[in-house]
Amino acid sequence: MAELLELLWIPFLMCLVLTGIHAYLGVHVLAREVVFVDIALAQIAALGATAAFLIGYDMDTWESYAIALFATLLGALVLSLTRMRHRHVSQEAVIGVVYAVSSAGAVLLADRAAHGIEHIRAMLVGSLLAVRGPEVLKVALLYALIGGLHWLCRKPFFLISTDPDAAYAQRWSVRLWDFLFYASFGVVVTSSVRIGGVLLVFSYLIVPALAATVMGGTVATRLLIGWSFGTLVSVIGMAASAVFDLPTGAAVVCTFGLTLLAFAVAARVFGWRPVRARTVLASRPLHSAEKH
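1407 is the number that the working numbering gives the last residue of the sequence shown; the numbers go up by one with no jumps.
Where hints are given, some of them may not hold.
Restraint-style ranges between C-beta atoms, simulated for each label pair [as the list claims (entries may be wrong)]: (1) Asp1175 <-> Leu1291: 32 to 40 Å; (2) Ser1343 <-> Arg1269: 18 to 26 Å; (3) Leu1131 <-> Pro1362: 37 to 45 Å.
DMTMM-like cross-link-like pairs, simulated, lysine to aspartate or glutamate; straight-line CA separation at most 25 Å [said to hold, decoys possible]: (4) Lys1270 <-> Glu1148; (5) Lys1270 <-> Glu1207; (6) Lys1253 <-> Glu1178; (7) Lys1270 <-> Asp1280; (8) Lys1253 <-> Asp1175; (9) Lys1253 <-> Asp1173.
In short, the hints are calculated from the structure, not lab data.
This one's a predicted model, so the numbers in the text were calculated from it and none came from an experiment.
No residue lacks a Cβ here, since even glycine has one placed at the ideal position from N, Cα and C.
Build out the structure end to end from the sequences listed, making use of the hints.
Structure follows, in structure tokens:
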């Protein structure tokens, strides 16, 4: 058991890194009401990685990462261009189409590759146990840089997420800022999918943010709740994987679902009511030089 716990220590640290960035991005995703954008971008990254696999690059090569990232950035461009002030079609519908086409494309490409089924399985559930210390540090540094970018751009990002009409009224370049948001989002997703797979990445993005929404409060409060929830689930999921000899990624995903269900039941029993969130945005219009 001691050897097993030692084996799971580094994957657990990676789960904490995933929690840190994805719980934050989940707050934006729920505010934008584009819940499936993460799984759509993750599937686009999987499509790019599958194309790289077909032409001979393994998942852990930089060529595979570059191709997957290029595909994800194209997806980010599509999502930013389909954002309109006056919606005639729900953006969630566009995201659904993107996901379906990307999934079908990945299946078609995998069908032409040797060991394609194994590759598809790896893209779904990842290879969390194969993570090593240097990779944790590299990914943590990358996500810290992405977090720094979002801190610098927090005013337009949060305004567009929470009050897009105000963003248009204040003449922000919404599509440009949307592309920057989704491009940085895509970098995170492309990196995370290679580690945890599509399902785990989606769980870390949405479930902690949902739990935080149940409690409500300020953005800072929701982030603390989301990070705490993700950490708790990582501990329980890793422990269940070790004790019952289960696939780690799948165990953590199922733990997310069961823990969220227990959280929702507790919220109903104890009568928790969401508190209206206040963003970190200033209410006054920004100077025009800050808008572009």
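Holds or violated: Lys1253 to Asp1175, with C-alpha atoms at most 25 Å apart
The hint holds at about 14 Å.
Lys1270 and Glu1148: Cα distance at most 25 Å?
holds (19 Å)
Range hint 32 to 40 Å: satisfied by the CB atoms of Asp1175 and Leu1291?
Holds - the Cβ-Cβ distance for Asp1175 and Leu1291, about 34 Å, lies within 32 to 40 Å.
Run the distance test for Lys1253 versus Glu1178: straight-line Cα separation, threshold 25 Å.
Cα-Cα ~17 Å, so holds.
Look at the Cβ atoms of Ser1343 and Arg1269 and judge whether their distance stays inside 18 to 26 Å.
holds (21 Å)
Please verify whether Lys1270 and Asp1280 have alpha carbons no more than 25 Å apart.
holds (14 Å)
Straight-line alpha-carbon gap Lys1270 to Glu1207, limit 25 Å
holds (24 Å)
Distance restraint between Lys1253 and Asp1173, which requires alpha-carbon spacing of 25 Å or less
holds (19 Å)
Tell me if the beta carbons of Leu1131 and Pro1362 are separated by a distance inside 37 to 45 Å.
violated (20 Å)
Comparing the model with each numbered hint stated earlier shows that hint 3 is the single one that does not hold.
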